[in-house]
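A.B. asks: Residues per chain, in single letters:
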Amino acid sequence: MTAELLEFALWYMFPAAIFIFIAGATYRLLRYVFLFRRGAYVHRKTSAGHKVSGLIWTFLRSSIFSARWNVPEVVGGLIALHVLGLILLVFLLAHHVAYLSYLFPPYSILWPLALPLNPVSSYLAYTTPQGVVTEVESIWGPLTIVLNGDVLTTIALIGIVYKMVEKVYHKLRGAPHVRWGDLTIWPLLFTIVITGLLAAHHVFPSIETYRFILGLHIASAALFLALMPFTKLFHFVWNFWYGKLHEWYDLVVKRGA
Amino acid sequence: MTVAIRIPVLTAPELHYLEACIGCAACAASCPYFYVSEEYSPVDKAEAARRILRTKYTFAGRILGPLVGAKRPSEKDLDRLLDIAYRCTGCGSCYETCTVGIYSGGLVFRLREMLTSVNRAPALLQKLSEMETSGGYYEALKEKWQKLVEETGRLGVKVGAKTEVLLMVTGADLLVGFETVVNALKVLKHLGVDVAIPERPLGIRPPAGYLIGDTSSVKKILEDIVGYIEKISPKTVILLDGSYVYKYLRFEASAILGKKPGFEVKHIVELLYDYAKAGVLKLGKVEEKVTWHDPCYLSRWGGVKKEPRALLASAAEFVEAPKKYGEVACTGGGGGVAMLHGKQFELYNSIARVDPSQQGEFLKKLSADFEKAISRRINELKATGAKTVITACWDCIYSINTGAQLSGVELRAVHIVDFIAKALGIS
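If you read the sequences in order, they're chains U and S.
Okay, so the first sequence: first residue is 1 according to the numbering used here, each after it adds one.
Okay, so the second sequence: first residue is 1 according to the numbering used here, each after it adds one.
Calculated directly from the structure, the hints in this document are not laboratory data.
Among the hints, erroneous ones may be present.
[To be verified] Keeping only pairs whose Cα atoms sit at most 16 Å apart, straight-line, the calculated EDC-like set for lysine to aspartate or glutamate is:
1) Lys45(U) with Asp274(S)
2) Lys259(S) with Asp224(S)
3) Lys147(S) with Glu199(S)
4) Lys365(S) with Asp79(S)
5) Lys219(S) with Glu252(S)
6) Lys254(U) with Glu264(S)
7) Lys220(S) with Glu130(S)
8) Lys244(U) with Glu14(S)
9) Lys219(S) with Glu130(S)
10) Lys158(S) with Glu199(S)
11) Lys171(U) with Glu39(S)
12) Lys259(S) with Glu223(S)
13) Lys144(S) with Glu199(S)
14) Lys56(S) with Glu14(S)
15) Lys220(S) with Glu252(S)
16) Lys162(S) with Glu230(S)
17) Lys171(U) with Glu38(S)
18) Lys254(U) with Glu252(S)
19) Lys45(U) with Glu264(S)
20) Lys186(S) with Glu150(S)
21) Lys231(S) with Glu264(S)
[As the list claims (entries may be wrong)] With the Cβ distance kept under 8 Å, some of the chain S side facing chain U (calculated, not the full set):
22) Ala12
23) Ala20
24) Cys21
25) Ile22
26) Ala25
27) Ala48
28) Gly69
29) Tyr95
30) Thr97
31) Cys98
32) Phe251
33) Ala255
34) Lys260
35) Ser299
36) Trp301
37) Gly302
[To be verified] Simulated restraints, written as ranges between beta carbons of each label pair:
38) Glu346(S) with Ala48(U): 43 to 51 Å
39) Ile56(U) with Gly156(S): 47 to 55 Å
40) Phe36(U) with Tyr228(S): 26 to 34 Å
In this text the structure is predicted, and so the values were computed from the model without any measurement.
All residues carry an ideal CB built from backbone N, CA and C; glycine is no exception.
Using the sequences plus the hints, can you model the full thing?
C.D. replies: Structure, rendered in structure tokens:
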């Protein structure tokens, strides 16, 4: 039964999640295409330098503003959860690079940036099912003291716990912008990260339990991926980039602000 | 029992505003009304609009309704929604401080539109919007207009003639800034500008429909104004009001009307800057410490920032106010809020003539909140040590003067044209 979950998650759930993700993302993006209306605009003429500096400021301003007025959100939400926690972990942890390279071979180009699980060495070794040991030297060198799976997972967990507490706190205070979906997505993310940590460290000695925990990790990640286009999680893929670039066009390019 | 609210057709960016909020509330501290009450943070005000919009624009909202935050309002919700909708000035500060580029104010103004569709708009603004499109304000402003025409005769300014520059005079200019209009004409004549005024006031404060989300009224008055100006065919149209009037005439009109107008639109501060840069406008030094207050619609929404600063730095001891809440700190009076307060209400109501007791509770609470909101900006301006605040929007001038009076702070807000006229010794 436990082994079945791993097999099911690996070979059925994850590919299905990728399909749902692509279909959902296409649907989301098409809505923007269909609502697009070409307008007649009288732009303010500004220099290229103004537009470039405006672009940089568009991306930086909100973070700088938040750093002054909402330090916990910047530390917990932006730095711990997004930058250090999820982005580096999801895309560069050696285990993930191996799996994603299997699904999408060109991804293996990122092997030199792969992060080891622990801080002992930047020299990565992993074993394929055929028993071949492959070794990769990542570029991080002494930085692996910080840039490793254990440290980044701990930081990500701190970020997730912060967001869970923050959402519950605001929900209890009756803030309208916190909806029930917000309260369910964070436990899901927590499950993904904690099962990943437990599996990577083989915390439970029996092979069945290990396979179950790993299966749970992949299954919950697949669920997360499938939900992404239909929830606010899509901000990472689309909304952040679209929103900021549109803001830049609207305020800087069009109006010259 | 839900009310038959009309849900607007959203644009692609508005779809983004609807569905992309991650609830980080980074925008909260940027809003002048957040300091009145946390319930007025942009993220929560926009959520009130999102709840309604989700019932049409999201699958989950259509199927699961309130479970996913999608609900059409009932009659008993409307008073509360009206309060929320009019605690926003459209300043755009939440836009710049949003981590994913959402303009929450845009959704709040859509909420105004939805409320107007069920006859829930401040009576004064509703009446102004109606009068503007029907032309019913010409008669009400006749006396003031006649007085202005007499002044133009004295100054040698043409009326309704083809000139290089047309000074667009609105009803608000006449009601709130009559002296400023006269000073503007004096300054332009002093500079040798070939200037005229139209044959009638162009709108009350066009497009007044924007304030209540009446999109058909907005289009109609813009068609009227642009059509009239194109007939006179000046090269440049100059505005005195750096409020949403500037934003709409300069940037939005072409998109709404679907064609670029045959004239350029400038705020008078841009024209004066051009003349100063060309060496035509030479200002005498006024022995005064002054600061500049950026009207949101002129600076954030209009890109006019360096021009007033350059003019003031050349004419007086110029000091910048601390920017504690983003690039532009809103007074809390824009987007029609200050028009519903005290003396300004009386001025606009002198032509609209609505019963002030109508929506009395709503107006009383709004006025109290506006008075709290403005105190924040007054503290920033006070920190400059300047006694004179120069700005370029009727709402900003009124808000600062009202706030200073309420706070007992020695500050006086004046329009930049009045200051320039003084610096030239011609006011």
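A.B. asks: Now, for every hint given, state plainly whether the structure supports it.
C.D. replies: Cross-check of the supplied hints:
1. Lys45(U) with Asp274(S): The given pair, whose Cα atoms are some 15 Å apart, holds under the 16 Å limit.
2. Lys259(S) with Asp224(S): holds (14 Å)
3. Lys147(S) with Glu199(S): Holds - the C-alpha atoms of Glu199(S) and Lys147(S) are around 13 Å apart, at most 16 Å.
4. Lys365(S) with Asp79(S): The given pair, whose Cα atoms are some 12 Å apart, holds under the 16 Å limit.
5. Lys219(S) with Glu252(S): holds (10 Å)
6. Lys254(U) with Glu264(S): holds (15 Å)
7. Lys220(S) with Glu130(S): holds (11 Å)
8. Lys244(U) with Glu14(S): holds (13 Å)
9. Lys219(S) with Glu130(S): holds (12 Å)
10. Lys158(S) with Glu199(S): holds (9 Å)
11. Lys171(U) with Glu39(S): Between Lys171(U) and Glu39(S) the Cα gap is close to 13 Å, so the pair holds against 16 Å.
12. Lys259(S) with Glu223(S): Distance of about 11 Å is within 16 Å: holds.
13. Lys144(S) with Glu199(S): holds (13 Å)
14. Lys56(S) with Glu14(S): holds (13 Å)
15. Lys220(S) with Glu252(S): Holds - the C-alpha atoms of Glu252(S) and Lys220(S) are around 13 Å apart, at most 16 Å.
16. Lys162(S) with Glu230(S): holds (10 Å)
17. Lys171(U) with Glu38(S): With Cα atoms ~14 Å apart, Lys171(U) and Glu38(S) stay inside 16 Å; holds.
18. Lys254(U) with Glu252(S): Holds - the C-alpha atoms of Glu252(S) and Lys254(U) are around 11 Å apart, at most 16 Å.
19. Lys45(U) with Glu264(S): holds (12 Å)
20. Lys186(S) with Glu150(S): Roughly 14 Å between the alpha carbons, so the hint for Lys186(S) and Glu150(S) holds.
21. Lys231(S) with Glu264(S): Holds - the C-alpha atoms of Glu264(S) and Lys231(S) are around 14 Å apart, at most 16 Å.
22. Ala12: For Ala12(S), the interface hint holds, since the closest Cβ of chain U sits about 4 Å away, which is under 8 Å.
23. Ala20: For Ala20(S), the interface hint holds, since the closest Cβ of chain U sits about 4 Å away, which is under 8 Å.
24. Cys21: Status holds, d = 7 Å.
25. Ile22: This interface hint holds because 5 Å falls under the 8 Å limit.
26. Ala25: holds (7 Å)
27. Ala48: holds (7 Å)
28. Gly69: holds (4 Å)
29. Tyr95: holds (6 Å)
30. Thr97: holds (5 Å)
31. Cys98: OK, holds: Cys98(S) within 8 Å of chain U, min 6 Å.
32. Phe251: holds (6 Å)
33. Ala255: With a minimum Cβ separation of about 4 Å from chain U (threshold 8 Å), the hint on Ala255(S) holds.
34. Lys260: Hint on Lys260(S): holds, closest Cβ of chain U at ~5 Å, below 8 Å.
35. Ser299: holds (7 Å)
36. Trp301: holds (6 Å)
37. Gly302: Since chain U brings a Cβ to about 6 Å from Gly302(S), closer than 8 Å, the hint holds.
38. Glu346(S) with Ala48(U): 43 to 51 Å: holds (49 Å)
39. Ile56(U) with Gly156(S): 47 to 55 Å: holds (50 Å)
40. Phe36(U) with Tyr228(S): 26 to 34 Å: holds (32 Å)
Comparing the model with each numbered hint stated earlier shows that all of them hold.
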